[in-house]
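Number of protein chains: 4
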Amino acid sequence: MYIPKFSVILSNVGACCDRYLSSGYRNPLTIDEMFEKVAAIKNVQGVELIANWNISPKNVVQIRENLKNTGLMLVSIIPDHFGQQKWGCGAFASRNPEIRREAAKHTKEMMDIAGDFHCEVISLWPGQDGYDYFFQSDYMAEREWFEEGVKECCNYRKDVRISIEYKMKEPRCRSLPSNVYSVLLMTKEINEENCGVTIDYGHSLVAYENPAESVAVLKKYGDKLFHMHMNDNYGFWDDDMIVGTVHTIPFIELFYWLKKTEYKGWISTDQYPYREDGQKAVRESIEWMLTLNRIANKMDSKEVENIFRTGDATEASKMLRKYMFA
Amino acid sequence: MYIPKFSVILSNVGACCDRYLSSGYRNPLTIDEMFEKVAAIKNVQGVELIANWNISPKNVVQIRENLKNTGLMLVSIIPDHFGQQKWGCGAFASRNPEIRREAAKHTKEMMDIAGDFHCEVISLWPGQDGYDYFFQSDYMAEREWFEEGVKECCNYRKDVRISIEYKMKEPRCRSLPSNVYSVLLMTKEINEENCGVTIDYGHSLVAYENPAESVAVLKKYGDKLFHMHMNDNYGFWDDDMIVGTVHTIPFIELFYWLKKTEYKGWISTDQYPYREDGQKAVRESIEWMLTLNRIANKMDSKEVENIFRTGDATEASKMLRKYMFA
Amino acid sequence: MYIPKFSVILSNVGACCDRYLSSGYRNPLTIDEMFEKVAAIKNVQGVELIANWNISPKNVVQIRENLKNTGLMLVSIIPDHFGQQKWGCGAFASRNPEIRREAAKHTKEMMDIAGDFHCEVISLWPGQDGYDYFFQSDYMAEREWFEEGVKECCNYRKDVRISIEYKMKEPRCRSLPSNVYSVLLMTKEINEENCGVTIDYGHSLVAYENPAESVAVLKKYGDKLFHMHMNDNYGFWDDDMIVGTVHTIPFIELFYWLKKTEYKGWISTDQYPYREDGQKAVRESIEWMLTLNRIANKMDSKEVENIFRTGDATEASKMLRKYMFA
Amino acid sequence: MYIPKFSVILSNVGACCDRYLSSGYRNPLTIDEMFEKVAAIKNVQGVELIANWNISPKNVVQIRENLKNTGLMLVSIIPDHFGQQKWGCGAFASRNPEIRREAAKHTKEMMDIAGDFHCEVISLWPGQDGYDYFFQSDYMAEREWFEEGVKECCNYRKDVRISIEYKMKEPRCRSLPSNVYSVLLMTKEINEENCGVTIDYGHSLVAYENPAESVAVLKKYGDKLFHMHMNDNYGFWDDDMIVGTVHTIPFIELFYWLKKTEYKGWISTDQYPYREDGQKAVRESIEWMLTLNRIANKMDSKEVENIFRTGDATEASKMLRKYMFA
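Same order as they appear, the protein sequences are chains A, B, C and D. The first sequence: position 54 = 53 (numbering that gives the first Met the number 0), numbered continuously. The second sequence: position 47 = 46 (numbering that gives the first Met the number 0), numbered continuously. The third sequence: position 124 = 123 (numbering that gives the first Met the number 0), numbered continuously. The fourth sequence: position 15 = 14 (numbering that gives the first Met the number 0), numbered continuously.
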């Protein structure tokens, strides 16, 4: 039986904005308010924080207070490599060596804060790395810079793991690294034990991956799944919707493979509830995950593995209907 | 309560081929064998036939025999506008007026056969109409030819309905008509009561439509849903998979809207079980549709309509989980 | 020969933001600064303004001053139906009749301002109309509300044209109206002479349209192309890039059809130069359009139409190479 | 200056079929006829053969004759792992160890034939490897089998290179390996010097890759680009169209990077001219490639590399327009 450990990216219960309504679809909440909202969601034990948006060297005392008051664990920090003008053209893969140094420096700072909080994972999302236009970039150099910078951080302290989150696009038209294979190549090149991968369910879909397969691939090539971000979308864009509102079966398969590969890490929601109450939207995601994981847990492994052995899709179909609806 | 009438496109239980394995992934079956296989699938009452592949003026006696023996109704004929060299560059929208005449002539022949069998629907799939290359076509002329030809057929006999099946691409890179709105514009231009639309579930997905919305749109603009083809896919291509093996919730919403709009027509499977036993694959589709329609039927209309009134996605999410899994 | 009239959406030369960097990739410019920057771009004669962002009842005097100083014409106003919290769940298609009334009221205000400036076009972009989740919306009702509201505005004053800009998605996961056929259906239902369509090049691509074909379709069904927005993208998302930096041939075909259909309206750039100097990015778009239109103008119509008559793709290919590179 | 070596996949000048018109859009040609047609295309020096379709142990004498008569070189053989019923559910990644052995055996046979012809490359396209349905496959096992089988072949004889061609989908809904990173991971695992990668331009596009970047990536991670297949498409499906008829700039960037990375291999056309004369369609591809490579060759490397250093997209845009159209 697989028992997931659920956490929530703090901002998920707050307000969202986009390029058309940059002041936000709802009024902003304070850090304290967001902590309270997360703590009130059943089955959630952890929280994930975004640097600068949620946590910085200046508010660690407040965060410690909030964690104590709510009983939530800090499960991961996402360094800010995307939310300031200086990162606009990239961070670890920036052409500017100064910016690259800053990217590493900030990451190390966050590693130290993480260490202080006994938080094991830095989920690194290089949102601004990549490019937009043809003939704009030296693709070889940028990957090299990226790998060098992350390696340096991995070596900075070995008790904190760096988990790289891949994404195909947005905010860059062509982001770096783009898919599970691309990031795995990088981790092999970086070649540090504390360097692994975050699967964001929606990013995986946009790359036309089947997330269950991505879990399997990370297992096969070095047991590199360190962290998970959950949401849902229509397959073409990172819509960051409530988990389970678009897809059903692929989530069941995902939970089956998390069990099969003995995933031990956290599962954070990562949503943008532009027009929904954030807390309700996260609660729905948790409830869907519990439901879909329950179905995966009900499945008889021998029965499943037997279908793998025959590859009979009609048997897989029948089995799914049975476990889902019988 | 909505009680669907299920039918099967005869070839669905036979062998499939593609451009790499043109001789077929399995050995071909005879017409008689395919009829038997369809008849043995529970809850199927009708059969849909493809001209030349399944039916032609030459084998109507055999077909009549098969219908009698199996008790299946002939619910629709698909004229052959795609399976011979002469249609290679289009049928109703061909540049060649001779071919356009042939397209109409063949359609009328099939209308007559349909009439003889008390079959009400010609499901017209203009697979070869459209284009591949930039600067290859006069887009205005081709739409005009298409509309003229179909109108002529609609006028040929009013007791048979012509239901146009739209598709975005394949076998042409850019097919005509491409989506539910495009075909509706055409039916408005054609302006005949017996001219309507076939929704193929997979075609609708490839056009980034939500099939439930497509049903609503056809209702709003003239009650034009005449026929349905069912299958499933990953959203990018017409994979023609078993219904319900990729998507779940959108099928439930589709059945809800078929009920809400009081759809009276047939629902045919339209699959390409390349590597599956065709009969088993169709049976799975029928079982999934029964299951998913049962969920839609369970739903309290007042509850659903109330969510429509508020637009609260978290309530929609909660409601779906309740009806699906509680 | 087709001689395009170029205009620029004022904000194109300013700073852009997105959901990760909501304060903007560059520092904001004033209205005056942006006018100056637009005026300095060769071959630009007009400017298009976004309500609230650029123009409001409060700053018409300043705008009049800017127009006078720069010699630019005001070619279109885009009402604000997307940039404030009140529009978050829709404007003309909002469930809330109060909001729908506000949407119409604001539109009429902008029509009056347009009238005062002898500006003929309101380019209506219903960015927040549509939906995100399954089972969230009554698709028939929302289209109806939308059509009613726009019709009311069209009737408000006949000397200003309302040009509806379609888009498949963003900011809604599923936007209304989604493609050129969908919006044409709406204009037919609205049935007012001053109601037409804006093609945004990038929106057209995201709907897997060929923009040249969309121009042809709008000609065929009532000569409904009222306005154009230009940019470029990779085909999957509204990247709003510099015109001509991704695609080449389809732009040439577009200009060919603008000539063939005798388009008389304006062509505005509509870009989001997140990481570029806005003025330079717009200048590049204008230069590309001049270059690509020059190629289209060089083409011998008889030669082109002859290829249409044969449909020979290899001849189209050869012809294109000749006009582009010989 | 980069001087490409062009070859043609023999079947490109013959007839094509698809799942709707399995007997072919045109009448089939003989091997001899196809050789003649290829030989008559200017600037083509090589031919690539598909096992069973074009070459088998039975017709090596005829092939030798054809090569002699035409003066064409045999540049690559594509083993048949897709065109017979036995491969329907996979070859190297088949669940059936018997089939896996056959896949290796057939590959070795083709390596021997290649060796006899002094042909250096086996372009391995595992078209039937992968899966269609959720819960159908053990993703870890199948990758393992695939890698084992290919490694065994690589060891069979070191003087022939095995170049794996990746593709995201078709004929499987989810193919193995899917993109340039996935295949690179495999070659790293296989870890044989004579194991590398074929880029098919269209496959690369369907994976939302920029082919120029894929070339760079293969250079960076071990200089693994062994072979190229060229065609064009609309970005969503392997349309196998004439090179240069959809895209322009990305081809120029591709040729720039082939020069920059000093690619020494062959460039084969790989098209499906369903409705075109095959020979004319291939000739067009060659002419486009010459034209687009000429533009790439004109480019001043210092100028290009300087743009890479600044990343200024407006400068890249201006430079492209200059080299393309000034």
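None of these hints come from the bench; they were simulated from the model. Be a bit skeptical, because a hint or two may be false.
The list treats identical chains as interchangeable, and a pair is accepted whether it falls inside one copy or across any two copies.
Cut-off 30 Å, straight-line C-alpha distance, at most; resulting in silico cross-link-like pairs (DSBU-like, lysine-lysine) [claimed, not checked]:
#1 Lys-107 x Lys-301
#2 Lys-317 x Lys-223
#3 Lys-279 x Lys-317
#4 Lys-301 x Lys-279
#5 Lys-85 x Lys-4
#6 Lys-107 x Lys-41
#7 Lys-150 x Lys-223
#8 Lys-219 x Lys-85
#9 Lys-57 x Lys-4
#10 Lys-223 x Lys-4
#11 Lys-317 x Lys-85
#12 Lys-4 x Lys-187
#13 Lys-301 x Lys-157
#14 Lys-67 x Lys-321
Comparing the hints with the structure gives:
For a Cα distance limit of 30 Å, the shortest separation of Lys-107 from Lys-301 qualifies neither inside one copy, at 45 Å, nor across copies, at 36 Å. In this homomeric assembly, Lys-317 and Lys-223 never come within 30 Å of each other (Cα to Cα): the closest approach is 33 Å inside a single copy and 34 Å across copies. For the identical chains of this complex, Lys-279 and Lys-317 are inter-copy neighbours only, at 10 Å across copies versus 33 Å inside a copy, given an alpha-carbon limit of 30 Å. In this assembly of identical chains, Lys-301 and Lys-279 lie within 30 Å of each other by CA distance solely across copies; the values are 22 Å between and 37 Å within a copy.
Taking CA atoms no more than 30 Å apart as the test, Lys-85 paired with Lys-4 passes in neither setting, with 35 Å inside one copy and 37 Å between copies. Neither within a single protomer nor between protomers do Lys-107 and Lys-41 lie at most 30 Å apart by alpha-carbon distance, with minima of 33 Å and 49 Å respectively. In this assembly of identical chains, Lys-150 and Lys-223 lie within 30 Å of each other by CA distance both inside one copy and across copies; the values are 15 Å within and 24 Å between. In this homomeric assembly, Lys-219 and Lys-85 come within 30 Å of each other (Cα to Cα) only across copies, at 28 Å, whereas the closest approach inside a single copy is 37 Å.
In this assembly of identical chains, Lys-57 and Lys-4 lie within 30 Å of each other by CA distance solely inside one copy; the values are 29 Å within and 54 Å between copies. In this assembly of identical chains, Lys-223 and Lys-4 lie within 30 Å of each other by CA distance solely inside one copy; the values are 18 Å within and 41 Å between copies. With identical chains, the CA atoms of Lys-317 and Lys-85 are at most 30 Å apart between copies only, with a shortest distance of 25 Å across copies and 53 Å within one. For the homomeric pair Lys-4 and Lys-187, the shortest alpha-carbon distance inside one copy (27 Å) is at most 30 Å, but the shortest distance between copies (34 Å) is not.
Within a single copy, Lys-301 and Lys-157 get their C-alpha atoms no closer than 39 Å, and across copies no closer than 42 Å, so neither meets the 30 Å cut-off. In this assembly of identical chains, the alpha carbons of Lys-67 and Lys-321 never lie at most 30 Å apart, being 44 Å within a copy and 35 Å across copies at closest.
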